[in-house]
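Sequences and hints are given; from them, build the entire structure.
Chains A and B, in that order, are what the protein sequence lines are. Under the numbering used here, the final residue of the first sequence carries the number 300; numbering is consecutive throughout. Under the numbering used here, the final residue of the second sequence carries the number 717; numbering is consecutive throughout.
If you're looking for bench data, these hints aren't it; they were derived computationally from the structure. Incorrect hints may have been included.
What the hints assert, rightly or not - Pairs of lysine-lysine, DSS-like flavour, derived with a Cα cap of 25 Å: (1) K513(B) - K538(B); (2) K364(B) - K602(B); (3) K373(B) - K654(B); (4) K479(B) - K535(B); (5) K330(B) - K450(B); (6) K136(A) - K577(B); (7) K513(B) - K66(A); (8) K614(B) - K429(B); (9) K614(B) - K624(B); (10) K364(B) - K66(A); (11) K330(B) - K431(B); (12) K429(B) - K382(B); (13) K535(B) - K136(A); (14) K475(B) - K602(B); (15) K136(A) - K485(B); (16) K66(A) - K675(B); (17) K614(B) - K695(B); (18) K364(B) - K330(B).
Small disclaimer: the values here were computed from a predicted structure and weren't measured.
Below are the chains, spelled out letter by letter.
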Amino acid sequence: MFSNLTLLAQAPVLNIQLLLDGLFIGATFALAAYGLALVWGVMNVKNLCQGDMVILGGFIAVTLSKHGLHPILGLPVAIVALFIYGWIVYRLIICRVIERDLFTSLLATFGLAIVMAQSMNLIFGPEVTTAESGFKTLVLFDGLVTVAEIKAVSLALAAALATVVIVFMKRSRMGQAIRATAQDARAARVMGIDTDRVYQFTYALNAAICGAAGVLISMIWTIQPFFGISHSIRAFVIVTAAGFGNLPGVILAGFGLGFAEQYSGFLLGAQFQQATVVGLLVVVLVARQIQQARHRRAVA
Amino acid sequence: MMKQTFDFKRVGCAAASAVALAFASMAHAKVDGDIIILGAAMSLTGKYSANGHNAKNGYDIAVKRVNEMGGVKVDGKSYQLKVVYYDDESTPARGAQLAERLIQQDGVKYMLGPYSSGLTKAIAPVTEKYKIPMVEAEGASRSLFTQGYKYMFCVISTSEQYLGSAVDLKAEVTKKAGKNVSDVKVAFIFENDPFSLDVRAGVEEDVKRHGMKVVIDDKMPRDLNDISATLTKVKALKPDLILISGHEKGAATAARQMKQMQVSAPMIGITHCESGKLISQFGASTEGFLCPTQWDETLSYKGKYFGTAADFDKHVKATFPEYKVVPYQLAQASAAVLVWKEAFERANSFDTEKLRDALADTNMETFYGNIKFSKAGNNVAKPMVLRQIQGGELKVVAPTRWASAPLVYPRQVVAGN
Chain A
1 MFSNLTLLAQ
11 APVLNIQLLL
21 DGLFIGATFA
31 LAAYGLALVW
41 GVMNVKNLCQ
51 GDMVILGGFI
61 AVTLSKHGLH
71 PILGLPVAIV
81 ALFIYGWIVY
91 RLIICRVIER
101 DLFTSLLATF
111 GLAIVMAQSM
121 NLIFGPEVTT
131 AESGFKTLVL
141 FDGLVTVAEI
151 KAVSLALAAA
161 LATVVIVFMK
171 RSRMGQAIRA
181 TAQDARAARV
191 MGIDTDRVYQ
201 FTYALNAAIC
211 GAAGVLISMI
221 WTIQPFFGIS
231 HSIRAFVIVT
241 AAGFGNLPGV
251 ILAGFGLGFA
261 EQYSGFLLGA
271 QFQQATVVGL
281 LVVVLVARQI
291 QQARHRRAVA
Chain B
301 MMKQTFDFKR
311 VGCAAASAVA
321 LAFASMAHAK
331 VDGDIIILGA
341 AMSLTGKYSA
351 NGHNAKNGYD
361 IAVKRVNEMG
371 GVKVDGKSYQ
381 LKVVYYDDES
391 TPARGAQLAE
401 RLIQQDGVKY
411 MLGPYSSGLT
421 KAIAPVTEKY
431 KIPMVEAEGA
441 SRSLFTQGYK
451 YMFCVISTSE
461 QYLGSAVDLK
471 AEVTKKAGKN
481 VSDVKVAFIF
491 ENDPFSLDVR
501 AGVEEDVKRH
511 GMKVVIDDKM
521 PRDLNDISAT
531 LTKVKALKPD
541 LILISGHEKG
551 AATAARQMKQ
561 MQVSAPMIGI
571 THCESGKLIS
581 QFGASTEGFL
591 CPTQWDETLS
601 YKGKYFGTAA
611 DFDKHVKATF
621 PEYKVVPYQL
631 AQASAAVLVW
641 KEAFERANSF
651 DTEKLRDALA
661 DTNMETFYGN
671 IKFSKAGNNV
681 AKPMVLRQIQ
691 GGELKVVAPT
701 RWASAPLVYP
711 RQVVAGN
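Next comes the structure, spelled out in C-alpha cells:
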C-alpha cells in the first residue's frame, strides 16, 4: 500500500486517471441508483432485480450491435423495451406485492432477479460479452492518462438522461403526481391522483433508466447474465448512503463510490475494491445512527 | 387417537418397504442389461453452462464412438455405455446433492466429473465417501490432488502449470537478449477463486525460481468486472510480463480494459482466451497474447478411438457444426470416457475396487495426449501447451517440440487499438 502511495506522489498525473475513471464509472452507477431511489421512495419497493434490468439493457445493445447497429443507437431501443418490460412486470407481479410487508416485495423482486438472470442465460448465452463502440482512446501525459472516448460519451449521455428525468419530474403532470404520491400516497389519492397508475409508471420509468445504464455499461465494461447482482449492490449502497428523497445526494454518492472504488483498487489492490465500498456503507450507516440518535434526544 | 397411531405405523411400514424395494431394484442400475451406466452432474444452466455443454458434448461424442466400435467388452460380453446427467445449475452445493442422488438413489457406481474445479471439489468428497470411482476432465485445481483422494482420476494437467511456461519463456528470451532475468518485472492479476489462485501459486514458484520481481499482485473479487485501477498501476510500473487468470470474465475484462486504456507489456499471458472469445471480441488488440491450453488440434497426439488430434477435431466439427474451434474442454471430456472404457476392459469386472485399481494403472495414448495417473490421481503424462495469438489465430509456440510457429517477442502492438 505504501509503495502505491509513493507511486501516486511520484506521478501525480495518475490521480487524474483515477479521478476520471471514477467519474465515468460513477455516472453510470448514479443512473441505476437514481432509478432505485425512485422506486424505493415512491412505492417503498426495494427492487432487488435492479442490476438484472441493467444487464438486460446491456444485452439489448450487444444484440443490436451484432446486427450492425451502433450500440449507442441501442440506447433508445433499450429505454423503450425496458419501459414496456417494467410496465408488464408491474402488472404481473409488483402490483400484487406493493401493499404487503417488506419481505414480500424483497422476495418477489429477488425471485424475479433469479428468473431474469436464468432467462438471459438461456436467450443470450452465458458468454462474457461487450458492445464494441469503435471509438478511439485519447492519450495524454505520455500515455500515463488514457481516456477512452466512449467513457466520455457515456458520461455525457448519462448527464443528458439525468437532466431529462429531473426536468420531467419537476415540470410534467406525471412527474408532479409521482412526487405527490411519494410524499403521501393517501393524500394524493384523495386529491384524485390514480396512484396505481403512478406506481406503474414509476416502475416502468425505473426499468427504462436501468436499461439506459445497461447500454452504457455494455460499452465500457463487460456484461454476462449473472453480473446483475453487483450492480444491484452498488445501487443499494448509493441509495442507502444518499437517502432516497435526495437526487443530488444520489449523484454525489454515485461519483463518490466511483472514486472510492478506483482509489482503493489502486492503493490496496483490486481485492479490496468492493470491500472498501461496503466498508464505507457501514461507516455511513453508523454515522447516520449517531446523528439521528442526537436528533431524537434533541427533539425529546 | 389410538387409531391414528396405528395408521401412522402402517404408513411407516409401507414407506419403508417401498424404499427397500426401490433400493433392491436400484442395485442393478449400475449395469442395466447390456448397458453400463455412468453418472455425471453437469452445469447445463447457470454461469458455467457454456463449458458445461462443451463437456457434455465431449462425453456424448466419445460414448457414441465407443458404442459404435463394439462397446465395452467385459467377461466376453459386449456392453454399451450410457451417461445419466443431472443439471447442477453451476452451484457446488447442488452438485454435491446430485452426486448423492446419483449414487444413493440411482445406484450409479461409475462417475464422470462435473465442470470446473469448484464443482469437482464439492463432488469428490461424496464419491470418496461411497468409494465410487470418478474420472474427471474439467477440474484442474491443484488443491484437488492434495486431499489424498483415492477414487478420483483426472485426465488434464493441473492448474499450477497453466502459465508456468510463459514465465519460462520470458526467462529464455531475456537471457537470449543478454539481459538479467532478475530485472524482469512481473504483474499478477488473478481472480480470487480456487482455480485462478492455483494458477497464481504455480507462477509464483516459477517467478521465484527465476528471481524475477513481482511489482503488482492484485486479486479480482468474483463480482468485479473493472480492473482499471490495477491497470493504472501497470501503466506506472511498466512490468515486462503480465499474467492474468480469471476464467472468461477475467479474460474479457482484462482484454477490454487493456484495449481501452492502451495498456501493454512485451509479454502477456492470459488464460481462457478461447472460451472468453478474445480474438473475435477485441481483435487486433489481443495480438501476441500467450494463451495456455490443455490441447490443440495441431498436436501430433494419436489414439485408437478417434485417430489423431486433427481427426478428432474434424469429427467434432462434423457432429456439431456450431463449433468453429473445438474447445479443449470438449476434447478432455471425451478422453475421460475413453479412460473408463479401457479400465472396464482391463479390470474385466464391474467391481468398483477392481475398477479403481485398473484406473490407477491407466497408461494409454489418446488423441488428447498420453494419460498416466500419479498416486494423487492427476495426469502426469501430458504437458500444458502455450499458444500465441498471431494474425488473429492461435499458434502453438511452446513446448518447442510441438511448436507450429516461432514466438513473436516482444508483442507487436497494433497502433490505434
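Query raised in the report: Within a Cα-Cα threshold of 25 Å, do K66(A) and K675(B) meet the stated pairing?
Result: Judged against 25 Å, a Cα distance of about 49 Å means the pair is violated.
Query raised in the report: For the pair supplied as a hint, K513(B) and K538(B), is the alpha-carbon distance within the 25 Å limit?
Result: Holds, at about 12 Å.
Query raised in the report: Does K66(A) lie within 25 Å of K513(B) when you go C-alpha to C-alpha?
Result: Violated: K513(B) and K66(A) sit about 42 Å apart, past 25 Å.
Query raised in the report: Does the alpha-carbon distance linking K479(B) and K535(B) stay inside the 25 Å limit?
Result: Satisfied, since the Cα-Cα distance of roughly 22 Å is no more than 25 Å.
Report task. Given the hint that K614(B) pairs with K624(B), test it: the Cα-Cα distance must not exceed 25 Å. Result -> holds, 10 Å
Query raised in the report: Does the structure keep K364(B) and K330(B) at a Cα separation of 25 Å or less?
Result: Holds: K364(B) and K330(B) sit about 18 Å apart, inside 25 Å.
Query raised in the report: Do the alpha carbons of K429(B) and K382(B) lie within 25 Å of each other, as the hint requires?
Result: holds, 24 Å
Report task. Compare the distance between the alpha carbons of K364(B) and K66(A) with 25 Å, and conclude whether the hinted pair is satisfied. Result -> Measuring from Cα to Cα gives roughly 35 Å; hence the hint is violated.
**Report entry** Restraint status (C-alpha distance of K614(B) to K695(B) at most 25 Å)
**Finding:** At roughly 18 Å apart (the allowed maximum being 25 Å), K695(B) and K614(B) satisfy the hint.
Query raised in the report: Does K431(B) lie within 25 Å of K330(B) when you go C-alpha to C-alpha?
Result: holds, 14 Å
Query - Straight-line alpha-carbon gap K475(B) to K602(B), limit 25 Å - result: violated, 35 Å
Query raised in the report: Quick one, are K364(B) and K602(B) close enough, alpha carbons at most 25 Å?
Result: Measuring from Cα to Cα gives roughly 19 Å; hence the hint holds.
Hints 7, 8, 10, 14, 15 and 16 from the list above are not met by this structure, while the remaining hints are.
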